[in-house]
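One letter stands for each residue in the lines below.
Protein chains: 2
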Amino acid sequence: MAQLRIALAQTNPAVGDLAANTDKLIEWTRRATGRGAHLVVFTEMFLTGYPAEDLVLRNSFVEASIAAAEAAAGRLAEAGLGETPVVVGYVDRARLAPRVGQPKGAPLDAAALLHRGRVAVKTAKHHLPNYGVFDEYRYFVRGDRLPIFRLHGVDVAVAVCEDLWQDGGPVAVAAEAGAGLLVVPNASPYEREKDDVRLALVSRRAREAGCALAYANQVGGQDELVFDGDSIIVSASGELVARAAQFTEELLVADLELPEASPGGPGTFEVDAGDGTVITVERVELSARPLEPYEPEPPVIAAHLDDTAEVYSALVLAVRDYVAKNGFQSVILGLSGGIDSALTATIASDAIGPERVHAVLMPSVYSSEHSLADAQELVNRQGINAQIVPIADIVTSFEKDIHLTGLAAENLQARVRGMILMGLSNQHGHLVLTTGNKSELATGYSTLYGDSAGGFAPIKDVLKTLVWKLARWRNAQVGLSSPFLRGFPRPPIPENSIEKEPSAELRPDQRDTDSLPAYDVLDRLLDDYVEKDMGSAELIAAGHDPALVARVIRLVDLAEYKRRQYPPGPKITPKNFGRDRRLPITNRWRETTP
Amino acid sequence: MAQLRIALAQTNPAVGDLAANTDKLIEWTRRATGRGAHLVVFTEMFLTGYPAEDLVLRNSFVEASIAAAEAAAGRLAEAGLGETPVVVGYVDRARLAPRVGQPKGAPLDAAALLHRGRVAVKTAKHHLPNYGVFDEYRYFVRGDRLPIFRLHGVDVAVAVCEDLWQDGGPVAVAAEAGAGLLVVPNASPYEREKDDVRLALVSRRAREAGCALAYANQVGGQDELVFDGDSIIVSASGELVARAAQFTEELLVADLELPEASPGGPGTFEVDAGDGTVITVERVELSARPLEPYEPEPPVIAAHLDDTAEVYSALVLAVRDYVAKNGFQSVILGLSGGIDSALTATIASDAIGPERVHAVLMPSVYSSEHSLADAQELVNRQGINAQIVPIADIVTSFEKDIHLTGLAAENLQARVRGMILMGLSNQHGHLVLTTGNKSELATGYSTLYGDSAGGFAPIKDVLKTLVWKLARWRNAQVGLSSPFLRGFPRPPIPENSIEKEPSAELRPDQRDTDSLPAYDVLDRLLDDYVEKDMGSAELIAAGHDPALVARVIRLVDLAEYKRRQYPPGPKITPKNFGRDRRLPITNRWRETTP
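As given, the protein sequences belong to chains A and B, one line each in that order.
Count the first sequence with UniProt numbering and you get residues 1 to 594, in order.
Count the second sequence with UniProt numbering and you get residues 1 to 594, in order.
If you are wondering where the hints come from, they were derived from the structure by calculation, not from laboratory data.
Treat each hint with caution, since some may be false.
The calculated lysine-lysine pairs, modelled on DSSO-like cross-linking and capped at a C-alpha distance of 27 Å, are [to be verified]:
| id | chain 1 | residue 1 | chain 2 | residue 2 |
| --- | --- | --- | --- | --- |
| 1 | B | Lys194 | A | Lys104 |
| 2 | B | Lys575 | B | Lys194 |
| 3 | B | Lys104 | A | Lys532 |
| 4 | B | Lys469 | B | Lys532 |
| 5 | A | Lys104 | B | Lys532 |
| 6 | A | Lys104 | B | Lys575 |
| 7 | A | Lys122 | A | Lys104 |
| 8 | A | Lys575 | B | Lys194 |
| 9 | B | Lys400 | A | Lys400 |
| 10 | A | Lys194 | B | Lys575 |
Use the sequences and the hints to build the structure in full.
This is the structure in structure tokens:
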């Protein structure tokens with residue numbers, strides 16, 4: 001057996017900022033070598049950030065990425081770090097003749113091994129995901145090389161992210177080639193309970209590859225995606241050896257006992273990948289002899305967060321990164337006294353600090369007394385900035401010129417509020433946060449250009465029942481302080497905002513239950529229809545009330561259009577609205593009348 | 001040689017309305033048999049409409065589509081039309097074991113041959129496009145069968161749309177199998193000058209297949225896509241035999257002289273498709289003996305529209321279908337007296353009739369006298385509905401409560417106008433049309449929730465220089481009447497709206513040229529940057545002013561976010577905003593500072 005100390009750099013890159021990402025590569029490699037690491041593994045497309053979407057189709061961007069990988073190798077050597085091999089993801093291109101339907105310039109979701117001032121060997125993702133949030137057939141051509149580099153007597157293979165999720169391909173070839181360790185840069189977005197799926201998958205693939213597997217995952221918010229880290233190292237038998245924390249940057253260092261490589265020099269050979277393709281294995285040698293035996297450090301295995309803490313952390317990180325990475329200093333939101341805006345304000349306080357959160361209280365003639373009082377109570381408990389702007393006069397000035405009744409009049413109130421927030425945003429540079437939850441967005445209880453006006457929607461993918469659960473959970477953490485929790489001395493959310501009956505307060509004595517079923521009934525139905533894509537007959541067979549099925553499906557299908565114009569927000573389920581569900585606007589399919 | 005009269009049904013299906021599409025199938029087949037056709041070919045996914053997007057991932061939808069194809073065969077037979085074979089596109093599914101990354105349920109972009117009350121044979125698209133507006137790896141698995149049916153002694157092969165655009169696959173196999181005619185259902189969206197590309201492509205593929213080729217294309221607006229029809233039939237040598245008109249439904253009937261099939265019965269055999277795959281040819285026999293010789297009808301070759309007429313027709317059709325297919329009866333828009341809203345109103349009048357167009361004139365304190373006069377002149381010339389709602393008092397009522405200056409104050413005016421239009425839309429059910437052009441959207445000269453508020457953006461993909469060109473062209477057609485031109489007695493657009501200097505009129509004496517270069521300079525640069533994806537260095541090398549390149553690129557990249565929240569609009573270039581350009585919002589890549 002041979003020893004190796006491996007460091008996984010679970011980091012938060014900035015999409016498009018190749019210079020900053022390169023600086024971070026140098027800094028984290030220095031930290032890793034300072035801890036005695038023999039090999040450092042960064043995440044998928046770390047130098048460019050992931051996902052870079054259509055930037056990848058721009059020539060100048062791909063050339064800059066290739067140049068950045070080469071420059072990074074040089075800078076590592078200049079910094080005296082050239083002896084430690086570094087695996088890092090970036091975008092490269094295949095040398096293929098242009099073909100109809102192939103992405104322009106044939107980009108690759110690549111990984112490079114940087115060593116002694118140069119790119120020693122390269123690989124690229126073989127399995128391209130093109131489902132859910134992934135569009136990779138649009139962006140990349142398939143990689144067909146598996147590099148295996150010998151480091152201190154251990155044969156180390158490199159695969160990329162999706163290569164773990166599909167059968168055949170690099171994992172099968174790594175087994176065939178007798179690799180002693182498989183390292184995998186990833187950018188695998190968070191979804192509720194994905195951490196359990198991920199460990200089971202990585203364990204299974206390690207057993208298939210017949211070798212230890214090191215899985216380095218990106219962390220951070222990137223538009224609607226939240227990357228949760230949760231990097232892991234498992235043994236060849238699939239046992240968990242080390243794990244990094246969720247939602248935070250971490251350098252995960254672990255000592256591994258690995259099989260010594262059999263003799264055999266560099267070269268290339270082809271292997272049937274078991275998926276209808278052939279992969280070329282490329283062997284290179286960095287150092288043939290095992291290290292002198294040394295005392296291993298005890299491994300770190302971070303505990304998993306429970307489901308509620310996990311979701312809350314994802315939302316906080318998403319807001320923090322959306323604000324910072326887009327160059328905002330502060331946020332503004334409307335605070336109604338209800339639970340949705342209360343939770344959103346609390347997430348914002350936890351994300352960027354209450355001193356950078358600005359609330360506007362915009363009572364109308366239909367607002368209850370408790371609304372303003374509950375909103376002010378939250379302002380006091382959290383110490384956020386607040387101002388009151390009553391909307392009655394502005395609404396009246398519109399109604400003098402145009403006659404509006406019913407829904408049109410309700411929407412007008414919501415739009416006046418949206419305009420006030422946007423005006424203050426434009427004047428002072430705050431990012432407007434919207435406060436709609438997934439249950440109301442799904443059913444269309446939201447006003448286009450009204451409460452949906454804004455730049456980021458923190459609870460867009462949170463069903464109403466989960467809104468309440470998160471609020472209660474957050475209040476129960478009172479006094480605790482963490483990267484995701486501000487140490488407020490009192491529960492940050494007024495109990496009355498949690499307990500009172502929900503109402504939009506757009507007409508006298510309005511209640512959500514006037515027009516919607518109880519939220520526990522509605523949310524179960526939405527989950528089956530939106531997440532599980534069940535049809536009408538299946539929903540009824542699953543026990544949902546037929547009349548409710550018909551009504552809710554109609555609401556959801558008709559709300560699709562509004563959703564398209566809703567701002568992005570963090571994703572915690574497989575099917576948030578927006579890029580996850582692509583339905584035609586002009587469409588006469590009705591699930592209820594097939 | 002053998003004769004065959006073929007009818008291509010160039011039709012406008014409704015996405016999701018399987019019942020209406022089936023009714024249309026029966027009706028058009030009756031018309032075709034009435035004209036003596038021996039074979040009728042409908043378009044790609046005609047029964048479901050194209051594109052159905054994520055509906056295809058819903059089990060109930062795919063099952064309904066399969067049932068619709070079978071039911072259609074039965075209904076044709078009941079209607080006495082069962083003897084005439086009908087090729088029609090729909091969605092089927094492959095019987096494949098579920099696999100990670102494969103679309104749920106393995107849907108196929110299929111075509112069925114309906115004959116004597118049953119589905120006689122099926123095929124499915126082999127080449128799946130996944131670029132530009134196409135996401136087909138998300139939706140479909142690849143078809144691997146090429147049916148060849150013998151009809152009156154002629155061997156007819158069936159391929160689907162993209163199969164023509166890529167090398168290898170069904171075209172190569174049709175040649176190998178000795179087909180006498182290749183029929184191809186399509187849903188190929190319009191882009192400027194695509195008609196010329198299409199004819200050249202179809203001619204080349206006919207020569208490769210060594211047989212005549214009949215190309216039936218969808219027509220109609222579907223969200224951002226406009227299908228232009230332009231169905232064509234070419235001979236085995238690639239000569240144009242018949243062509244349908246652009247942008248209108250048409251039954252294209254043509255008599256063909258085709259080679260008689262060599263003897264040989266039904267059965268299947270495998271052919272190397274020349275693209276790394278194997279395709280199974282499936283031969284079936286409907287009727288072995290050639291028809292008795294008959295006198296052919298003279299073929300129809302519709303003339304192509306010139307480029308300006310083509311774009312104008314596309315915009316009119318897009319608006320008409322968006323309105324009708326989404327169930328609206330009327331549209332509303334703000335009329336400023338400027339050229340953008342004047343052209344948009346004219347397109348709307350041509351699309352749905354001036355009696356269903358509602359204009360709101362919303363002068364502010366910064367509006368010039370000529371603005372209101374020019375707008376009223378257009379109202380008079382076209383006879384559209386109009387009302388005047390001055391915005392000064394409403395703006396003042398906002399400014400009493402919140403202090404706004406500069407851009408924030410300019411945006412407020414645009415938003416007050418947006419709210420007035422949305423209020424009237426909610427009250428009366430009109431669809432709001434926005435009036436922004438591509439040059440100003442690209443550079444961010446547009447207010448989120450202001451002039452960008454609305455449901456459809458007719459000139460979203462039209463650069464400002466083309467706006468002027470279309471306006472002059474439309475005025476020059478005065479007196480003409482066609483499906484795309486209302487026979488107005490006077491030029492519908494006031495000359496002053498065309499000739500005056502453009503201004504947003506959001507502050508005193510504002511001119512577009514205060515902040516933007518001349519539009520001919522800007523539009524050339526936008527075309528190179530947006531459509532051609534040139535990087536900064538390339539743009540400068542192409543002769544654009546370096547300072548302007550830096551400034552315009554910055555504007556375009558920063559405007560990306562607004563564009564995401566802009567309503568859909570018809571697409572006339574490869575890269576309209578929205579689904580055609582998918583850029584991260586959170587992104588620090590700046591083309592100007594690589």
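Worksheet item: Quick check: which numbered hints come out false for this structure?
Response: As far as the earlier hints go, 8 and 10 are violated by this structure, in ascending order.
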